[in-house]
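Heads up: the protein sequence lines correspond to chains A and B, in order.
For the first sequence, the numbering used here gives the first residue as 5, with consecutive numbering after it.
For the second sequence, the numbering used here gives the first residue as 38, with consecutive numbering after it.
Honestly, the hints are just simulated from the structure, not real lab data.
Small disclaimer: the values here were computed from a predicted structure and weren't measured.
Some hints here could point you the wrong way.
[Said to hold, decoys possible] Simulated restraints on C-beta separations:
| hint | chain 1 | residue 1 | chain 2 | residue 2 | range |
| --- | --- | --- | --- | --- | --- |
| 1 | B | Gly143 | A | Leu13 | 44 to 50 Å |
| 2 | B | Glu264 | A | Pro191 | 32 to 38 Å |
| 3 | B | Ala158 | A | Ala740 | 50 to 56 Å |
| 4 | A | Pro673 | B | Ala173 | 47 to 53 Å |
| 5 | A | Ala711 | B | Gly143 | 53 to 59 Å |
| 6 | A | Arg615 | B | Pro230 | 56 to 62 Å |
| 7 | A | Ser672 | B | Gly143 | 53 to 59 Å |
| 8 | A | Gly492 | B | Asp122 | 54 to 60 Å |
| 9 | B | Ala166 | A | Trp23 | 35 to 41 Å |
| 10 | A | Leu13 | B | Ala158 | 55 to 61 Å |
| 11 | A | Val843 | B | Ala166 | 22 to 28 Å |
[What the hints assert, rightly or not] Examples of chain A residues lying across from chain B (beta carbon under 7 Å, computed):
| hint | residue |
| --- | --- |
| 12 | Val776 |
| 13 | Val780 |
| 14 | Gly854 |
[To be verified] Covered stretches of chain A (chain B as the covering partner; in silico rule of three or more C-beta atoms under 8 Å from a C-beta of chain B):
| hint | stretch |
| --- | --- |
| 15 | 803-811 |
| 16 | 814-823 |
Ideal Cβ positions, reconstructed from N, Cα and C, are used throughout, including at glycine.
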Amino acid sequence: MTASSPIELPGLDPSWSRWVPVPGADGGKHRWHVLDNGVPDPVGTLLCVHGNPTWSYLWRRLVAAAPPGWRVVAPDQLGMGWSDRPAAPRTLAQRVADLGALTAELGVSGPVVTVAHDWGGIISLGWALEHRQDVRGVVLTNTAVAMPEGDLGPALIRLAHAPGLRTAVTQASSVFVRGATALSRPPLPREVRRAYAQPYDSAERRRAVGEFVADIPFRPGHASRPAQEAIAEGIRSLDVPALLLWGPRDPVFGEKYLADLRERLPRADVHRYEGASHLLPEDAPQYAEAVATWVTDRCGASNAPTPGRGGASAQPARPWAALADRAGDDSPAVVAAGGVPVSWARLARRVSDLAAGLAAAGIRPGDRVALLLEPSTDLTAAVYATWRAGAVIVVADKGLGLRGMRRALRGAAPDHVLGSAAGLAAARAMGLPATRILAGPASARLRRALGAGHDLASLEVLGRTSSAPAEPPLDADCAVVFTSGATGPAKGVVYTQRQVGAQLELVRTAYRLTPGDSLVAAFAPFSVLGPGLGIASSVPDVDVTAPATLTAAKLADAAAAVDATVVFAAPAALRRVAATSSDLTEEQRSALGRVRLLMSAGAPVPTPLLRRLGETFPAAEPHTPYGMTEALPVTDVSLGEIEAAGPGNGICVGRPVPGVEVRISPLSPLGTADGALTGSPDVPGEVCVRAAHVKDRYDALWATERAAGRDPGWHRTGDVGHLDGEGRLWIEGRLAHVLTTADGPMTPVGPELRIEFLDAVAAAAIVGVGPVGAQVAVAVVVPPGRARRRLPRADRLTVAPAELAGTVREVAEIDLAAVLVAGALPVDIRHQSKVDRAVLARRATRVLSGTPVRWASRRSTRP
Amino acid sequence: MGLPAEHETVKVLVTGASGMLGRVTTQQLLARGDEVTVLQRRPAGLPCAEVLGDVADPSVVARAAAGQDAVVHLAAKVDVTGTWDEYERANVQGTRNVVAACAAEGVGRLVHVSSPSVSHAGSPLFGAAAGSADPARARGSYSRSKAVAEQVALDADSAGLAVLVLRPHLVWGPGDEQLVARIVARAGAGRLPLVGSGAALIDTTYVDNAVAALVAAVDACGPVHGEALVVSNGEPRPVAEILRRLCSAAGVPPPRGRVPAHAAWLAGAVVEGIWSATGRCSTPPLTRFLTEQLTTAHWFDQRRTRTALGWRPEIGLEEGFARLAAWYGGAGTGADPGAGAVGSVPPAAASG
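Turn these sequences into a full structure, and let the hints guide you.
Below, the structure is given as structure tokens:
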């Protein structure tokens, strides 16, 4: 027997269900099943339209998380879910009309925001076009309104479209119904999959599922084609805010469908939920909160905060200005490892030729150019030329790992890839749908083999006879770079010309850099900045994915090549430099002896290491800038300042550099940073930054951007720390790593530093185990050198011997439930120094859970 | 919570006052000026009114409960051997009698002392909430009978009788015969191996903290009722560390050797079989319940307990171990420990 209503389904409140008889366009009356939160006198209504073969159950989280004052109405389309099964198949135009009849019957008017998934998308938009006076916004998730050019429609659906197959797949069997919920990543709980299938438990009840598939107008001449085309074109004139939420792992609607929608709704806000698949509302349950926030921000009566931007009044020089200024200078500008020095004059010429060549080859302002080549003069030239041409560089370094890089690049959707032979081969392997430009020596054959339409050399030649492209506007996008992914999937970060210009100016001022300075960039992001800063630069012979391969000798050789006064390096690299400094020749020693400024970026550097580096760089003042992919630098601290500050709870990262403001958002007992921004000393909380060089936004991550920029003009860094009475900033860890104990939030870095001070400990991490709000702290320590070799696998944790545990407890100054020993701590690929405390906490939990024993025959103990 | 400036005298019946926990609780209630009556089989030697008898006897309980404002029900059979009927009689029937007496005599508050093991089905408990008593899944006769008893007590929570359940977790301290004495005896004989990895995180309760929680519960019971609260120090440690610290405080050698968890469990099963087949009354050296307790994490979220009782543990682990060491090193076992500590008494309530 078939049930006529949803029965006891997870997440579904039975009081939301109502049945509404509606006179149909075809004369008959049809009974609809609708989820309705029943808010009286609503601010507005969210009209949620499901696709095929789901039902309104899809929207249960949104009904539960409705924006304050908003009514949420989620019908089961006719023939679907728990609504009536009309006799005749329904066309797209009928479905749009059906929905209109329903909303009229429900009295839905006034501000309406449509929310839709899958084939519900085009129906919701059809409704929106017919109710323009009521529509305040549209939200679309993993859907399509048109077949993108050259696409024949989603392959899976097309397969189900084959007449014989369709009935078998969609109706006679539950393959299609079950298949839709099998696409989810991570897999859905069984009860949820059952809930989706509940109204489709017989062939008769699945009839509309098949008819819905048949109504997809793949071919010209299909009955629903005119309606589809009218809607697809019509939305270009839909002048309301739009939000596109996307699961990039969707095998049905791939990235090109998102691109098609973005092209039709160019001002849409976009959020890609990395890792989510087709059934986005299931795969990214946080979508509901994002929709509620977006609707309140964009479609409500109140004025929403505009996230991002702070201190944007500055008029910084263009990133290529310094290069242009020295166009007549024959001294070396860039020296790559083992390469021939390139003079300022030569580099300036190359950049302007290449910029003209790029423009002539069809790279338009705003186009995204992924740069897949090693730090080199080619890379440097390509960066400045791309900027000059008004295009946007996309830089995903190998430090993300191959999978991370693929995900990042696909997400950024570059229009072109400029790369070495290896880079272009990788681009092809990653399936990046972009035109290709080859850097480096190129035979016509190699170019063809790599599918490259151009190479750098020929573009330069082309550029010599082409006119210079127009200067792009100051607020045009110019770069997409990626966070390290140490705390979740790497996020794309978008900078404008203005922000990059401001950053160069800030760095120049903060470190008093003059044209007399020269730089060794052993830290990838800085390898291209020399020309922008107007100082000569050199890159040592080192693999960026393995900063620890840099030796003192390699660094010294790079320094000698440009007579360096400044060195930029990652902490892991510096550790190795200190360790190999005894191998230096006299000549190399004297090259490093000329360095006046030693900068370590990427992660905090322990003071003992900085001190040890003093022997290798006798004339240098060790500095550590603090910052992140989204804003660099924020503060700066010298070794002298660190020593003057003394020990404290966290790492002293110094004072904000001129032009940067820092505030703290205090922590709640549950470890969230909810407090209003404050500059008061000794209040722990999330570090917030305002400056002209802060990123413009996260790329296609609307909800993330909204959360990071929820105090207008301020960027939330995700780091926790406090300011001291002297205005110095102390970093106490990542917000995600805050422990929530019964006594309140606790930050990890302070105790870690105290523990790492012990001779018996090389590295330490504090993690919380147990439920949020009732966690206890656990220290994981790595013993130094020899003791470490006796340990089992690096990731295996064991209880520390009594003596070590005792010493660690004595210095930690917090209650430690356990002290564990590891051979190594899990760190990020890019910096080799950001400890993944989430992974570590999971490992610690496993170990500290003990060994559950099977209690097989307990009945036997009962007499 | 400190004592109120003007404490209103409460008439309290404490059942099972011969055990460490019952004894010290009685002393604390007396010290703050309450009128205390104790109920147990043999004289407890406490300076207060005393009813001697068996909690399984309804008339004894009714007599003791008459005229009381509150009952703290600790009396229970705490053991690992014995027949189900023995447990049922002492723990379930005893509690039924207490509940019935409270109702009949118009006693308004019942603080029922239970054990975290009533809801522990063997999976690791990591900062767990108290959870409901579950006789079907509780391990062993003790836990199962206590689970039923807790249900009996909570079912009696009503407008006329406020019932509050406290589950002190692994109570230890000077004079404790349940946990410390057994471990120390075995370690002293060189027969205390480490079971499993020794890493399982386990919380315990220093006796004074458990007592303070019980005293606080006498006052809180009423506004707070109808729920079970786990009481512990809130300082979980790896089990190996706890055993080592206990041994060190007692001046006996630390655990030596290691037994894999599953081997220990099997050995426990065998030992239980032998003990039960031969009808021995002594405590077996190893049981499956004990194996599980020593190899599986169990520590609890203390937030609700602390808010509900307005109580926090005053004696931290370090201080507790220091006091234990002082007791072993000073007055020592067998001697009258005097005020503040506890004498050598037969086992009673408080386990987990």
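Evaluation of the provided hints:
Distance hint for Gly143 of chain B and Leu13 of chain A: a CB-CB separation of about 48 Å, consistent with the stated range 44 to 50 Å. Our hint of 32 to 38 Å for Glu264 of chain B and Pro191 of chain A holds, since their Cβ atoms are close to 37 Å apart. The supplied range of 50 to 56 Å is broken by Ala158 of chain B and Ala740 of chain A, whose beta-carbon atoms lie about 32 Å from each other. Look at Pro673 of chain A against Ala173 of chain B: about 36 Å separates their beta carbons, and that is not inside 47 to 53 Å.
Evaluation of the 53 to 59 Å hint for Ala711 of chain A and Gly143 of chain B yields a pass: the beta carbon distance comes to about 58 Å. The hinted window of 56 to 62 Å between Arg615 of chain A and Pro230 of chain B is violated, with their beta carbons roughly 47 Å apart. Here the CB-CB span from Ser672 of chain A to Gly143 of chain B is close to 45 Å, at odds with the stated 53 to 59 Å. Taken as a hint, the range 54 to 60 Å holds for the pair Gly492 of chain A and Asp122 of chain B, whose Cβ atoms sit roughly 58 Å apart.
One distance hint, 35 to 41 Å for the beta-carbon pair Ala166 of chain B and Trp23 of chain A, holds here, with the actual separation near 40 Å. Leu13 of chain A and Ala158 of chain B have their C-beta atoms about 28 Å apart, which leaves the hinted 55 to 61 Å range violated. At about 26 Å, the beta-carbon gap between Val843 of chain A and Ala166 of chain B stays in the expected band of 22 to 28 Å. For Val776 of chain A, the interface hint is violated, the least distance from its beta-carbon to any beta-carbon of chain B being 9 Å, above 7 Å.
The beta carbon of Val780 of chain A is positioned within 7 Å of a beta carbon in chain B (closest approach about 6 Å), and the interface hint is therefore held. Hint status for Gly854 of chain A: holds, given a least beta-carbon distance of 3 Å to chain B, under 7 Å. Using a Cβ-Cβ cut-off of 8 Å, 3 residues of the stretch 803-811 of chain A lie near chain B, which meets the minimum of three, so the contact claim holds. With 3 residues carrying a beta carbon less than 8 Å from a beta carbon of chain B, the stretch 814-823 of chain A meets the three-residue requirement, and the given coverage holds.
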